[in-house]
Amino acid sequence: MVERERISALMDGELDDAELGAQVKRTADGGELARCWDAYHLIGESLRREPGFHLDLTAGISGALASEPTVLAPGRAPVAQPTQRVRTFALSMAATIAGIGVVVWMVVGQRSDGSGGRIDMAQSVAMSPRAEVATQAVDADVNDYMMAHQEYSPTAAMHGVASYVRTVSAR
Amino acid sequence: MRWAVGAAGFMLLVSSALADNLSHGDALGWLQRIAGAARQLSYAGTFVYQQGDKVETSRIVHVVDGSSETERLETLDGPRREVVRNNDIVFSYHADTKTVRVDRRRVGRSFPQILPEQLTAVTDHYHVRKAEIERVAEHDAQALVLEPKDGMRYGHKFWADTGTGLLLKAKMIGERAQVIEQFAFTQVQIGGAIPRQWLQPSLPLPTPAAAVEAADATAGESEWVIKSPPAGFRKIVEVRRHKDGSTSAIVTHMVLSDGLAAVSVFIEPARARVAEGPVQRGAINIYTRVVGDQRVTVLGEAPAATVATIANAISPRNR
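So the sequences go chain by chain: A and B.
Here the first sequence is numbered in our numbering, starting from 1 and rising by one per residue.
Here the second sequence is numbered in our numbering, starting from 1001 and rising by one per residue.
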């Protein structure tokens, strides 16, 4: 329970610098804390009624709900005003700890009708653990997909530079 | 007598079909011109993007210098978001999430090259006609209307600069004649001297490693088949991508197009549990499902039914 409170504090940007690094490391490990992190984010998205793209988060929230039903029952939760927290943590955590996450998405091989195949291999830009945290954003996959999609979309080609607006448009 | 009426009717039909075809050819010529202009011209301007009840202003710059192409888009409303492309490298920067994405794309976009062979597809599935000349952002613009022949694709209206062919305004129109999205320049400079600093990103961007050419070990048949996709949609390309710089996470990306609309299929190993079904993101429809141990995500600027049909038509080749 103490750990869950710390996750919540992490998301709210309430940890001090000394605690921050250690907590990010523990959370990014991919274990129980990472699932908790995902679940809290999903709850936040739902509360804000964002048409999110949840994908991998569902297993996380199911698990968290099974073991921690009080998350959705604020009156019984030991954490004060959890709903207030989930409303704000997504942005505040991003602002305080995410830093600059670098996401690399590269073409490694191509088959095109009639053109035969070849590979454009590329080394990846090194990623820090912070980048991992940044990419936990719910829409990360969809952003990657949309960016890749418009490279081949005839209408996007007609729009030229303007076609990027579909990807960068604030939601 | 009956024969004469029939013949006259037939002649009328033929002549109207001919007139229709002439305008078709002209309109299709304009589509090609638009696609070429977007890549070959240098231009800078401000445009407004409307989607649903949301309106946003952005600034864009596109500079072609010999064989080098650089472009930049920056949002002027809300959190600063920008995309900078220098030839094959695309950076996008979102100030609100403090994220930089790096995307290496193939040099040269596919559309202008594939357009001629796809023109037939466009006329098979859209009624194409030239409309009025209107003034957009102080330029005379030729309007073109593309009406879909079925409900599997959206309609379009394009306004192209009569002098250069640059697209100045565009509308995407849904089944109930509703505007799904539209963008329009409010001010644009085509050609002339465009200050280099307008292309300068607002923060230093990382330098990705150089691309390495290698023989393709994966050439051959795709591991996936799309059985009976919606009319007119055929596969135009298939690529495999490394995700997040990881060598293990490989994503298969296929693109289907009817010559105008495109739908992408992304296939990658399903991590944890996947929320299946349709999602809408702006003008883009998305459909996710699990096939075996793979997550299949289909998305594109097409009606939800089209995206879902394609998603449900995908299966592994060996089954």
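None of these hints come from the bench; they were simulated from the model.
Do not rely on the hints blindly, as some may be mistaken.
[To be verified] Sample of chain A residues lacking proximity to chain B, with all beta carbon distances greater than 10 Å (derived):
(1) Arg6
(2) Asp17
(3) Gln23
(4) Lys25
(5) Gly160
[What the hints assert, rightly or not] Residues of chain B clear of chain A, computed beta-carbon distances all greater than 12 Å:
(6) Glu1056
(7) Arg1081
(8) Ser1092
(9) Glu1132
(10) Ala1143
(11) Gln1178
(12) Glu1181
(13) Ser1257
[As the list claims (entries may be wrong)] Simulated DEER-style distance windows between Cβ atoms:
(14) A:Glu19 / B:Arg1176: 49 to 57 Å
(15) B:Pro1079 / A:Asp17: 23 to 31 Å
(16) A:Glu5 / B:Ser1202: 31 to 39 Å
For every residue, glycine included, the Cβ atom is placed at its ideal position computed from N, Cα and C.
Hint-by-hint comparison with the structure:
no.: 1; hint: Arg6; result: holds, 22 Å
no.: 2; hint: Asp17; result: holds, 17 Å
no.: 3; hint: Gln23; result: holds, 18 Å
no.: 4; hint: Lys25; result: holds, 19 Å
no.: 5; hint: Gly160; result: violated, 3 Å
no.: 6; hint: Glu1056; result: violated, 6 Å
no.: 7; hint: Arg1081; result: violated, 4 Å
no.: 8; hint: Ser1092; result: violated, 7 Å
no.: 9; hint: Glu1132; result: holds, 19 Å
no.: 10; hint: Ala1143; result: holds, 14 Å
no.: 11; hint: Gln1178; result: holds, 17 Å
no.: 12; hint: Glu1181; result: violated, 8 Å
no.: 13; hint: Ser1257; result: violated, 6 Å
no.: 14; hint: A:Glu19 / B:Arg1176: 49 to 57 Å; result: holds, 54 Å
no.: 15; hint: B:Pro1079 / A:Asp17: 23 to 31 Å; result: holds, 25 Å
no.: 16; hint: A:Glu5 / B:Ser1202: 31 to 39 Å; result: holds, 37 Å
Violated hints, in rising order: 5, 6, 7, 8, 12 and 13; the structure is consistent with all others.
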